[in-house]
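Chains A, B, C and D, in that order, are what the protein sequence lines are.
In terms of the working numbering, the first sequence opens at residue 20 and continues consecutively.
In terms of the working numbering, the second sequence opens at residue 20 and continues consecutively.
In terms of the working numbering, the third sequence opens at residue 20 and continues consecutively.
In terms of the working numbering, the fourth sequence opens at residue 20 and continues consecutively.
One or more hints might be untrue.
What the hints assert, rightly or not - Using 25 Å as the maximum straight-line C-alpha spacing, the simulated DSS-like pairs for lysine-lysine come out as follows: (1) K88/A to K88/B; (2) K88/C to K70/D; (3) K41/C to K89/C; (4) K88/B to K88/C; (5) K89/C to K89/B.
Said to hold, decoys possible - Some chain B residues close to chain C (C-beta under 10 Å, calculated; not the full set): (6) M21; (7) R24; (8) D27; (9) A28; (10) F82; (11) S85; (12) G95; (13) A97; (14) P100; (15) G101; (16) I107; (17) A110; (18) G112; (19) G113.
Stated by the list, open to error - Rough simulated footprint, nothing fancy, chain B against chain C, three-plus residues with beta-carbon under 8 Å: (20) 22-28; (21) 46-57; (22) 69-81; (23) 94-102; (24) 107-114.
Hints listed in this document are in silico derivations from the structure and should not be mistaken for laboratory results.
Ideal Cβ placement from N, Cα and C applies to all residues, glycine included.
4 protein chains.
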Amino acid sequence: MMTARRLDAADAAVIIAGAREKATEIGVPMCIAITDEGGNLVAFERMDGGKVTSITIAIDKSFTASGAKKATHEYGEASQPGAPAYGIASAIGGRLMVVAGGLPVAVDGEVVGGIGISSGTPGQDLEVAKAGVAAFLDSL
Amino acid sequence: MMTARRLDAADAAVIIAGAREKATEIGVPMCIAITDEGGNLVAFERMDGGKVTSITIAIDKSFTASGAKKATHEYGEASQPGAPAYGIASAIGGRLMVVAGGLPVAVDGEVVGGIGISSGTPGQDLEVAKAGVAAFLDSL
Amino acid sequence: MMTARRLDAADAAVIIAGAREKATEIGVPMCIAITDEGGNLVAFERMDGGKVTSITIAIDKSFTASGAKKATHEYGEASQPGAPAYGIASAIGGRLMVVAGGLPVAVDGEVVGGIGISSGTPGQDLEVAKAGVAAFLDSL
Amino acid sequence: MMTARRLDAADAAVIIAGAREKATEIGVPMCIAITDEGGNLVAFERMDGGKVTSITIAIDKSFTASGAKKATHEYGEASQPGAPAYGIASAIGGRLMVVAGGLPVAVDGEVVGGIGISSGTPGQDLEVAKAGVAAFLDSL
Numbered sequence: 020m021m022t023a024r025r026l027d028a029a030d031a032a033v034i035i036a037g038a039r040e041k042a043t044e045i046g047v048p049m050c051i052a053i054t055d056e057g058g059n060l061v062a063f064e065r066m067d068g069g070k071v072t073s074i075t076i077a078i079d080k081s082f083t084a085s086g087a088k089k090a091t092h093e094y095g096e097a098s099q100p101g102a103p104a105y106g107i108a109s110a111i112g113g114r115l116m117v118v119a120g121g122l123p124v125a126v127d128g129e130v131v132g133g134i135g136i137s138s139g140t141p142g143q144d145l146e147v148a149k150a151g152v153a154a155f156l157d158s159l
Numbered sequence: 020m021m022t023a024r025r026l027d028a029a030d031a032a033v034i035i036a037g038a039r040e041k042a043t044e045i046g047v048p049m050c051i052a053i054t055d056e057g058g059n060l061v062a063f064e065r066m067d068g069g070k071v072t073s074i075t076i077a078i079d080k081s082f083t084a085s086g087a088k089k090a091t092h093e094y095g096e097a098s099q100p101g102a103p104a105y106g107i108a109s110a111i112g113g114r115l116m117v118v119a120g121g122l123p124v125a126v127d128g129e130v131v132g133g134i135g136i137s138s139g140t141p142g143q144d145l146e147v148a149k150a151g152v153a154a155f156l157d158s159l
Numbered sequence: 020m021m022t023a024r025r026l027d028a029a030d031a032a033v034i035i036a037g038a039r040e041k042a043t044e045i046g047v048p049m050c051i052a053i054t055d056e057g058g059n060l061v062a063f064e065r066m067d068g069g070k071v072t073s074i075t076i077a078i079d080k081s082f083t084a085s086g087a088k089k090a091t092h093e094y095g096e097a098s099q100p101g102a103p104a105y106g107i108a109s110a111i112g113g114r115l116m117v118v119a120g121g122l123p124v125a126v127d128g129e130v131v132g133g134i135g136i137s138s139g140t141p142g143q144d145l146e147v148a149k150a151g152v153a154a155f156l157d158s159l
Numbered sequence: 020m021m022t023a024r025r026l027d028a029a030d031a032a033v034i035i036a037g038a039r040e041k042a043t044e045i046g047v048p049m050c051i052a053i054t055d056e057g058g059n060l061v062a063f064e065r066m067d068g069g070k071v072t073s074i075t076i077a078i079d080k081s082f083t084a085s086g087a088k089k090a091t092h093e094y095g096e097a098s099q100p101g102a103p104a105y106g107i108a109s110a111i112g113g114r115l116m117v118v119a120g121g122l123p124v125a126v127d128g129e130v131v132g133g134i135g136i137s138s139g140t141p142g143q144d145l146e147v148a149k150a151g152v153a154a155f156l157d158s159l
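Using the sequences and the hints given, assemble the complete structure.
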């Protein structure tokens with residue numbers, strides 16, 4: 020059998036707080052989703068003004084990053100026309116996200132979960148996702 | 020135009036805290052979902068040990084309660100074999116939940132959102148949902 | 020080849036007006052959906068206060084009634100435990116509605132479309148659906 | 020709690036009338052969908068000759084524009100190969116529309132709903148959507 024380390028609810032709260040702080044700093048209310056290493060949702064927050072369409076997008080970015088152990092923007096590069104993963108964006112009923120804003124959360128080289136951010140530009144989403152991960156790593 | 024009041028992120032945190040406290044008291048880790056009056060997710064928490072299958076169930080209970088302005092267990096009674104709403108449980112792609120644990124959140128007779136709880140028995144889910152709503156109303 | 024008569028946009032407006040009038044009379048704001056004989060949506064109105072969850076339910080009741088050329092409550096009877104159509108409610112991804120409120124619209128014994136109503140009790144939904152059909156037949 | 024203004028059924032009728040008039044003027048029967056600020060459908064009309072495939076497309080354009088507070092053609096530009104939002108078109112089960120014809124409806128800088136048009140070229144769809152919004156703003 021295997022043993023998996025995974026984000027718990029307290030970890031998720033730390034990550035969300037870190038992301039929320041950055042989102043507030045840059046003035047973009049975000050949807051923030053945290054998944055565990057199985058890709059399953061642990062926690063979610065739609066900040067006041069976060070977009071309705073971003074609820075599912077944030078969850079799916081986090082699902083993609085934790086489940087595939089890869090940042091969503093890496094899929095963005097790999098799925099351009101002519102690139103090897105072209106067409107992957109519509110996989111899993113469209114849940115496979117290739118837009119920036121989804122990051123795996125790794126500890127000691129092991130992916131323990133993910134974060135997904137949506138409502139800003141992809142660049143802003145990624146910046147806020149990074150802040151969430153950093154807040155978690157700082158707390159260890 | 021119409022004007023609608025709805026739960027914000029701070030309200031959702033209060034409701035989740037109230038539900039979490041009751042869930043801890045009865046010893047059943049729960050999935051807790053909060054939606055606004057349009058049925059859209061505001062916040063979610065899966066307590067450590069909450070069921071993976073309950074993620075969607077909690078979200079859909081909250082969606083049903085806020086969108087239909089009705090407790091999910093009322094649909095349970097109304098959809099028994101031979102009763103008028105028999106068969107409604109599979110509506111909206113199965114999102115229409117008829118099992119206890121989803122409650123609308125109303126202020127001054129106006130539905131402003133909903134809560135959905137899943138991981139325990141339906142009775143436990145309902146008890147925890149009630150505690151979440153009570154915590155919110157006490158905070159007003 | 021076949022020729023099909025079907026409800027057009029002007030017909031749909033007449034049916035919706037008739038349904039709206041009855042809904043207003045009984046004091047229940049409704050979701051009102053009209054489909055053509057192919058089951059495809061022609062028109063929809065969510066009256067102020069109509070339920071968010073009833074949007075899809077009204078559309079699917081109308082889809083069922085026009086596509087199956089049968090009132091949805093007839094499916095309700097036929098799908099009770101032990102009855103021949105037991106289990107049909109979850110067919111077509113849950114779109115097959117067996118709760119009252121969906122009626123085919125027939126002219127000269129030929130189904131030309133359907134109406135689906137949701138937001139009240141099944142009895143109220145059916146009453147409003149009948150009023151919509153009656154308004155159309157009176158207009159011919 | 021938050022307070023949100025949203026399109027009501029009467030507003031939707033004004034917007035649809037404005038869109039229908041423009042569609043008639045340019046000779047392209049359209050599917051016209053109106054959503055509120057939560058992305059939920061308020062009203063829909065398929066003009067005689069509007070495309071069956073455009074029913075869902077019009078609804079999803081309106082959902083996208085109101086939920087994301089952004090015109091769908093802006094997503095079209097941002098999601099070209101190599102651009103930051105490449106791949107977003109298949110998000111939310113394919114509901115995220117990046118083709119022109121979806122516009123948010125804003126009053127005093129606040130998004131109160133959206134309109135989605137489909138059946139013509141993207142340029143025609145956008146033209147008709149603009150006419151719907153203009154008719155509403157003129158009515159205030």
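Verification of the hints:
no.	hint	in the structure
1	K88/A to K88/B	violated (40 Å)
2	K88/C to K70/D	holds (22 Å)
3	K41/C to K89/C	holds (22 Å)
4	K88/B to K88/C	violated (31 Å)
5	K89/C to K89/B	violated (29 Å)
6	M21	holds (6 Å)
7	R24	violated (14 Å)
8	D27	violated (18 Å)
9	A28	violated (20 Å)
10	F82	holds (7 Å)
11	S85	holds (8 Å)
12	G95	violated (14 Å)
13	A97	holds (8 Å)
14	P100	holds (5 Å)
15	G101	holds (6 Å)
16	I107	holds (5 Å)
17	A110	holds (5 Å)
18	G112	holds (5 Å)
19	G113	holds (5 Å)
20	22-28	violated (count 0)
21	46-57	violated (count 0)
22	69-81	holds (count 7)
23	94-102	holds (count 5)
24	107-114	holds (count 4)
Violated hints for the displayed structure, listed by number in ascending order: 1, 4, 5, 7, 8, 9, 12, 20 and 21.
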